[in-house]
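Student: Sequence:
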Amino acid sequence: MKTLVLDIDGTITHQDRKIDCRAVEAIRRIRIPVVLATGNTVFFATTTARLIGTSGMVIAENGGVVKVDDEEHIIGDITPCIRAFELLKKHFDLERLDPSYRRTEIAVRRNFDLDEARAMLSKADVDIVDSGFAFHIKSRKVNKGVGLKKVAELLGWSTEDMIVIGDSENDVEMLQAAGLGIAVGNADAKLKEVADFVTKGEYGAGVVEAIELLFPQLRDPYRKDDCANHQHNDANDPFYKR
Numbered sequence: 001m002k003t004l005v006l007d008i009d010g011t012i013t014h015q016d017r018k019i020d021c022r023a024v025e026a027i028r029r030i031r032i033p034v035v036l037a038t039g040n041t042v043f044f045a046t047t048t049a050r051l052i053g054t055s056g057m058v059i060a061e062n063g064g065v066v067k068v069d070d071e072e073h074i075i076g077d078i079t080p081c082i083r084a085f086e087l088l089k090k091h092f093d094l095e096r097l098d099p100s101y102r103r104t105e106i107a108v109r110r111n112f113d114l115d116e117a118r119a120m121l122s123k124a125d126v127d128i129v130d131s132g133f134a135f136h137i138k139s140r141k142v143n144k145g146v147g148l149k150k151v152a153e154l155l156g157w158s159t160e161d162m163i164v165i166g167d168s169e170n171d172v173e174m175l176q177a178a179g180l181g182i183a184v185g186n187a188d189a190k191l192k193e194v195a196d197f198v199t200k201g202e203y204g205a206g207v208v209e210a211i212e213l214l215f216p217q218l219r220d221p222y223r224k225d226d227c228a229n230h231q232h233n234d235a236n237d238p239f240y241k242r
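Everything in the sequence shown is counted per the numbering used here, starting at 1 for the first residue and increasing by one.
Note that these hints are calculated values from the structure, not bench results. We put the beta carbon where it would ideally sit given N, CA and C, even for glycine. It cannot be assumed that every hint is accurate.
[Unchecked claim] Pair by pair, the computed Cβ-Cβ distance ranges are:
1. Asp115 <-> Cys21: 36 to 46 angstroms
2. Glu160 <-> Arg31: 16 to 26 angstroms
3. Glu71 <-> Cys21: 29 to 39 angstroms
4. Gly185 <-> Arg118: 24 to 34 angstroms
[As the list claims (entries may be wrong)] Dumping the calculated DSBU-like pairs for lysine-lysine here, alpha-carbon to alpha-carbon at most 35 angstroms:
5. Lys150 <-> Lys200
6. Lys18 <-> Lys192
7. Lys89 <-> Lys123
8. Lys190 <-> Lys200
9. Lys123 <-> Lys192
10. Lys190 <-> Lys123
11. Lys18 <-> Lys2
12. Lys150 <-> Lys123
From just these sequences and the hints, can you work out the full model?
Tutor: This is the structure we're talking about:
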């Protein structure tokens, strides 16, 4: 595998959105490029990449914006999202999030019935996905899987060369496109269904678990558990096949 792709919120963060320090330590020990993928803005993604010391490559706005080698590539189109937002605003009390920074989608607070809103937009060119922290109105043609394929294209790689770890329904297409798709223990049921493996650990602990099994040479020697004696077999594998 040539790269590891990580969702941010709910995957390398705790439920309160604070970054898991042990996950960051594990990520920093990896000797392959790490891509961050998020429903959040490219500014947020790039800042997080700097903070934890990854390669700086990001997939932002649910695949609507990709950044590789400091160059941003706009994939999505916000125009149909604006029309959908105006329609939904007639029926729900919507609150936009980060409107000044989003270029390809509209993120709103999770304070209305998602299924009802989706039904209203069933004939539109947009969809609404739940990242666990916001509802995202985006083009049906754009998702994190599309963003993953764009990153692979720009790098001259195949998505089969990529490992993806995520937690939410907006990670589904990305896990499906990857060579290996992993869901952390707290993941949405839809994501667990498509994942190749699901960790027992939740949030950042799940990321550490995955990294230490994928790259056993990077296992933290100071952990006070039985990891050093772990035998990789079906009986006690912390991953279980879905």
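Student: Indicate, hint by hint, whether the structure satisfies it.
Tutor: Results for each hint:
Range check, Asp115 to Cys21: about 37 angstroms between beta-carbon atoms, so the 36 to 46 angstroms window is met. Between Glu160 and Arg31 the C-beta distance comes to about 20 angstroms, which sits within the given range of 16 to 26 angstroms. With their beta carbons about 31 angstroms apart, Glu71 and Cys21 fall inside the hinted range of 29 to 39 angstroms. Distance hint check: the CB atoms of Gly185 and Arg118 are about 27 angstroms apart, consistent with the given range 24 to 34 angstroms.
The straight-line distance between the Cα atoms of Lys150 and Lys200 is roughly 31 angstroms, inside the 35 angstroms bound, and the hint therefore holds. Simply put, Lys18 and Lys192 have alpha-carbon atoms about 23 angstroms apart, close enough for the 35 angstroms limit, and the pair holds. Restraint check: the Cα-Cα separation between Lys89 and Lys123 comes to about 17 angstroms, which is no more than 35 angstroms; the hinted pair holds. For the hint pairing Lys190 with Lys200, the CA-to-CA distance comes to about 17 angstroms; that is within 35 angstroms, so the pair holds.
Distance check on the hinted pair: Lys123 and Lys192 sit about 28 angstroms apart at the alpha-carbon level, within 35 angstroms; holds. Of the supplied pair hints, the one linking Lys190 and Lys123 holds, its CA atoms being roughly 23 angstroms apart against a limit of 35 angstroms. Our distance criterion of 35 angstroms between C-alpha atoms is met by Lys18 and Lys2, whose separation comes to about 28 angstroms. A distance of roughly 27 angstroms separates the Cα atoms of Lys150 and Lys123; the hinted pair therefore holds under the 35 angstroms criterion.
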